[in-house]
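Protein chains: 2
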Amino acid sequence: MKLSAIAQEVRDNTGLPFTPRDAERVLAAALTSEDIWRIIDLADVPVMALCSALRAMERAGWLDFSRGRVALTPAGREVVREAGIAPALELRCGRCGGRGVELGPVAQIAEKFRKIAASRPEAIQQFDQGYVTEDSTLYRIAYLWNRGDLVGKELLVLGDDDLVSLAAALTRAPKRVVMLDIDERLVDFVRTVARQEGLEVEVLQHDLREPLPQGLLGAFDTFFCDPTESLRGFLAFAHRGLSALRGPGSAGYLGLTRREASLSKWRDIQRELLAAGAAITDLRDDFHDYVNWPYIETMRSWEHLPVKRVPGREEPWYRSALIRIELVEPARVENAPLSGDIFTDPEAATT
Amino acid sequence: MKLSAIAQEVRDNTGLPFTPRDAERVLAAALTSEDIWRIIDLADVPVMALCSALRAMERAGWLDFSRGRVALTPAGREVVREAGIAPALELRCGRCGGRGVELGPVAQIAEKFRKIAASRPEAIQQFDQGYVTEDSTLYRIAYLWNRGDLVGKELLVLGDDDLVSLAAALTRAPKRVVMLDIDERLVDFVRTVARQEGLEVEVLQHDLREPLPQGLLGAFDTFFCDPTESLRGFLAFAHRGLSALRGPGSAGYLGLTRREASLSKWRDIQRELLAAGAAITDLRDDFHDYVNWPYIETMRSWEHLPVKRVPGREEPWYRSALIRIELVEPARVENAPLSGDIFTDPEAATT
Numbered sequence: 001m002k003l004s005a006i007a008q009e010v011r012d013n014t015g016l017p018f019t020p021r022d023a024e025r026v027l028a029a030a031l032t033s034e035d036i037w038r039i040i041d042l043a044d045v046p047v048m049a050l051c052s053a054l055r056a057m058e059r060a061g062w063l064d065f066s067r068g069r070v071a072l073t074p075a076g077r078e079v080v081r082e083a084g085i086a087p088a089l090e091l092r093c094g095r096c097g098g099r100g101v102e103l104g105p106v107a108q109i110a111e112k113f114r115k116i117a118a119s120r121p122e123a124i125q126q127f128d129q130g131y132v133t134e135d136s137t138l139y140r141i142a143y144l145w146n147r148g149d150l151v152g153k154e155l156l157v158l159g160d161d162d163l164v165s166l167a168a169a170l171t172r173a174p175k176r177v178v179m180l181d182i183d184e185r186l187v188d189f190v191r192t193v194a195r196q197e198g199l200e201v202e203v204l205q206h207d208l209r210e211p212l213p214q215g216l217l218g219a220f221d222t223f224f225c226d227p228t229e230s231l232r233g234f235l236a237f238a239h240r241g242l243s244a245l246r247g248p249g250s251a252g253y254l255g256l257t258r259r260e261a262s263l264s265k266w267r268d269i270q271r272e273l274l275a276a277g278a279a280i281t282d283l284r285d286d287f288h289d290y291v292n293w294p295y296i297e298t299m300r301s302w303e304h305l306p307v308k309r310v311p312g313r314e315e316p317w318y319r320s321a322l323i324r325i326e327l328v329e330p331a332r333v334e335n336a337p338l339s340g341d342i343f344t345d346p347e348a349a350t351t
Numbered sequence: 001m002k003l004s005a006i007a008q009e010v011r012d013n014t015g016l017p018f019t020p021r022d023a024e025r026v027l028a029a030a031l032t033s034e035d036i037w038r039i040i041d042l043a044d045v046p047v048m049a050l051c052s053a054l055r056a057m058e059r060a061g062w063l064d065f066s067r068g069r070v071a072l073t074p075a076g077r078e079v080v081r082e083a084g085i086a087p088a089l090e091l092r093c094g095r096c097g098g099r100g101v102e103l104g105p106v107a108q109i110a111e112k113f114r115k116i117a118a119s120r121p122e123a124i125q126q127f128d129q130g131y132v133t134e135d136s137t138l139y140r141i142a143y144l145w146n147r148g149d150l151v152g153k154e155l156l157v158l159g160d161d162d163l164v165s166l167a168a169a170l171t172r173a174p175k176r177v178v179m180l181d182i183d184e185r186l187v188d189f190v191r192t193v194a195r196q197e198g199l200e201v202e203v204l205q206h207d208l209r210e211p212l213p214q215g216l217l218g219a220f221d222t223f224f225c226d227p228t229e230s231l232r233g234f235l236a237f238a239h240r241g242l243s244a245l246r247g248p249g250s251a252g253y254l255g256l257t258r259r260e261a262s263l264s265k266w267r268d269i270q271r272e273l274l275a276a277g278a279a280i281t282d283l284r285d286d287f288h289d290y291v292n293w294p295y296i297e298t299m300r301s302w303e304h305l306p307v308k309r310v311p312g313r314e315e316p317w318y319r320s321a322l323i324r325i326e327l328v329e330p331a332r333v334e335n336a337p338l339s340g341d342i343f344t345d346p347e348a349a350t351t
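Protein chains in written order, with my numbering: chain A, 1 to 351; chain B, 1 to 351.
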């Protein structure tokens with residue numbers, strides 16, 4: 001079957017996991033839109049593998065990129081018809097953006113948070129930054145509230161270009177908010193805003209490759225973390241979060257994307273989270289929409305894109321899932337130092 | 001700390017997993033409602049453990065059941081204040097019911113499906129039945145559509161008191177729909193409706209303790225299953241589903257509840273699903289609302305309830321998550337026969 005041949009070609013050329021179903025998802029996306037970013041968004045296949053698949057489909061005569069669009073050729077349409085592939089259809093709820101929750105009491109801080117975020121530091125490539133929309137951060141806080149992980153709780157935010165610490169503190173609901181980030185600009189920003197607004201946020205510049213300071217271990221009810229997507233980097237950040245939790249009943253929140261992580265990597269990550277003593281209680285894909293960062297044209301996947309167009313700032317294509325885990329046993333993780341590059345792996349697209 | 005003492009007492013008396021956080025969830029629910037069913041719904045703790053916790057809190061002088069309500073005493077309010085426990089707050093989206101999706105094209109079959117479901121066989125205890133609301137079934141179908149698991153796909157429904165096979169077939173979207181159930185009444189009902197409405201549903205009476213018929217193995221793109229909640233029963237049904245899938249890229253949907261399964265059991269189930277070759281792609285809790293079954297007063301947990309009131313038929317307290325898994329490797333499961341009681345385990349509440 002032809003989709004298998006494309007999948008084999010992608011695997012051979014990239015060394016990445018890629019199933020015939022992934023090839024099908026690419027074609028389903030191409031049936032819905034001719035725009036490269038919309039296809040990346042809809043296909044839910046890692047960008048690096050997707051680019052390889054698009055090229056393989058061009059070589060097979062199914063796709064044509066000559067007009068700056070991803071266009072199905074008559075041969076491509078025939079493949080789609082034979083395989084019975086339907087256009088990708090998004091049925092995201094128009095009210096909650098597919099997240100399933102209302103802002104509720106968090107709506108009261110929305111305006112203030114947006115005003116604060118307007119002067120945030122811009123995302124930089126050095127730390128694999130790229131922040132979510134202000135709505136995404138606000139809905140995150142609502143989700144924590146809804147799950148009993150915010151009010152009266154001690155919250156640790158590991159890496160905070162999304163300004164979760166400020167949004168959480170603005171609600172005045174948590175008992176304690178601590179924010180760690182490697183980036184001095186962010187640390188300064190959060191510290192300054194907290195002082196101006198009278199918010200209690202403890203701010204610490206910290207490189208998550210280093211062990212957590214002793215005083216933060218076993219001290220929190222909830223952690224939040226939107227890790228870098230390499231397997232090693234993701235697990236390092238997740239393990240730092242787990243080591244900061246008090247124990248059974250404490251919860252962790254993590255962002256995880258399909259754009260830079262195959263489902264094989266998702267599975268590896270999930271196995272490690274379970275092995276560390278947690279259950280997965282929630283996994284809501286496409287919960288987070290990202291604002292396009294200014295380094296699109298220097299990111300790793302740019303040169304591989306068959307159609308090159310810089311997307312608008314508020315034209316979301318990079319989305320990620322919100323995952324909530326809860327410890328059912330004391331966390332089994334080490335708080336050891338990590339060395340070397342933790343940002344890059346074969347599926348990395350944005351570093 | 002007092003919550004730990006309650007948790008210890010519950011564990012000692014029931015042998016079930018129960019954390020101080022679970023005790024906190026019970027009190028958070030009791031702050032929001034005095035109604036026993038609403039508390040069961042909000043607390044997200046297995047009913048059997050919850051009943052034990054309510055009794056322990058009564059003995060501690062925190063709760064009083066004498067007026068047919070679950071009332072916090074002044075001593076209970078003091079515990080809540082000291083521990084900083086906030087009322088349980090649900091922020092479910094009012095439009096999608098927290099599911100995150102629109103019905104989209106599935107809305108066209110809603111009226112017809114509701115008309116058909118009006119004459120469905122009633123749920124019976126013998127097979128641990130209890131069906132979801134018609135909305136829940138319709139949203140399930142929308143979810144499958146949204147994830148590319150419906151249109152042009154071959155779908156197997158394992159156990160079908162929710163009438164998923166009929167709803168799927170009504171859309172005319174799948175390539176093939178096969179439904180298995182042990183209950184002759186359901187098999188007859190689906191067969192009769194399918195004939196009357198000209199729907200293509202293959203119907204087979206089958207006891208899922210028995211291996212799947214050879215012809216169904218490796219033959220489907222998607223399976224749907226809302227298993228019984230005992231660990232052994234859940235995994236048996238899930239493994240039957242997995243053995244029916246074609247291979248990598250094929251998807252399975254499962255219902256899983258907090259009402260009869262602790263997060264420890266959730267973790268055990270998740271580990272087995274991952275070990276079988278799947279990744280978890282979606283986990284949306286409270287996706288399914290159940291219609292109250294007629295055997296409430298003979299279910300296992302009834303005698304343990306500290307306040308006995310038969311809930312109204314459409315007064316949902318039993319909810320479950322929708323879990324989607326996708327194979328990233330060929331399924332590693334056995335298609336072996338199972339003997340004995342697969343419905344009961346220590347956390348079972350409704351059998």
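Treat each hint with caution, since some may be false.
One copy or any two copies: either way a pair holds, since identical chains are not told apart in the list.
[Claimed, not checked] Cut-off 20 Å, straight-line C-alpha distance, at most; resulting in silico cross-link-like pairs (SDA-like, lysine to any residue):
1. Lys175 - Arg209
2. Lys2 - Arg246
3. Lys115 - Glu78
4. Lys175 - Ala86
5. Lys308 - Arg11
6. Lys112 - Glu315
7. Lys115 - Leu338
8. Lys308 - Leu103
9. Lys112 - Leu217
Simulated from the structure, these hints should not be mistaken for lab results.
Checklist entry - For lysine 175 vs arginine 209, is the C-alpha pair at or below 20 Å within one copy, between two copies, both, or neither? => result Neither way: lysine 175 and arginine 209 sit 27 Å apart in one copy and 50 Å across, limit 20 Å.
Checklist entry - Is the C-alpha distance from lysine 112 to glutamate 315 at most 20 Å within one copy, between copies, in both cases, or in neither? => result neither (23 Å within a copy, 39 Å between copies)
Item to check | lysine 308 and leucine 103: within-copy, between-copy, both or neither at 20 Å Cα | outcome: Cα proximity of lysine 308 and leucine 103: none, with 37 Å in one copy and 35 Å across.
Checklist entry - Using 20 Å as the alpha-carbon threshold, which applies to lysine 115 and leucine 338: within, between, both, or neither? => result Classified as neither: same-chain Cα gap 37 Å, cross-chain 61 Å, threshold 20 Å.
Checklist entry - When no copy is specified for lysine 175 and alanine 86, does a C-alpha distance of 20 Å or less occur within a copy, between copies, both, or neither? => result Classified as between: cross-chain Cα gap 12 Å, same-chain 50 Å, threshold 20 Å.
Item to check | Up to 20 Å CA-CA - leucine 217 versus lysine 112, copy category | outcome: Neither: 32 Å inside a chain and 57 Å across chains, both beyond 20 Å.
Checklist entry - Between lysine 308 and arginine 11, at a C-alpha cutoff of 20 Å, which is it: within one copy, between copies, both, or neither? => result neither (23 Å within a copy, 60 Å between copies)
Checklist entry - Between copies, within a copy, both or neither: which fits lysine 2 and arginine 246 at Cα up to 20 Å? => result between (52 Å within a copy, 16 Å between copies)
Checklist entry - Taking 20 Å as the upper bound on the Cα-Cα distance, should lysine 115 and glutamate 78 be classified as within, between, both, or neither? => result Neither: 51 Å inside a copy, 39 Å across copies.
Hints 1, 3, 5, 6, 7, 8 and 9 from the earlier list are contradicted by this structure; the remaining hints agree with it.
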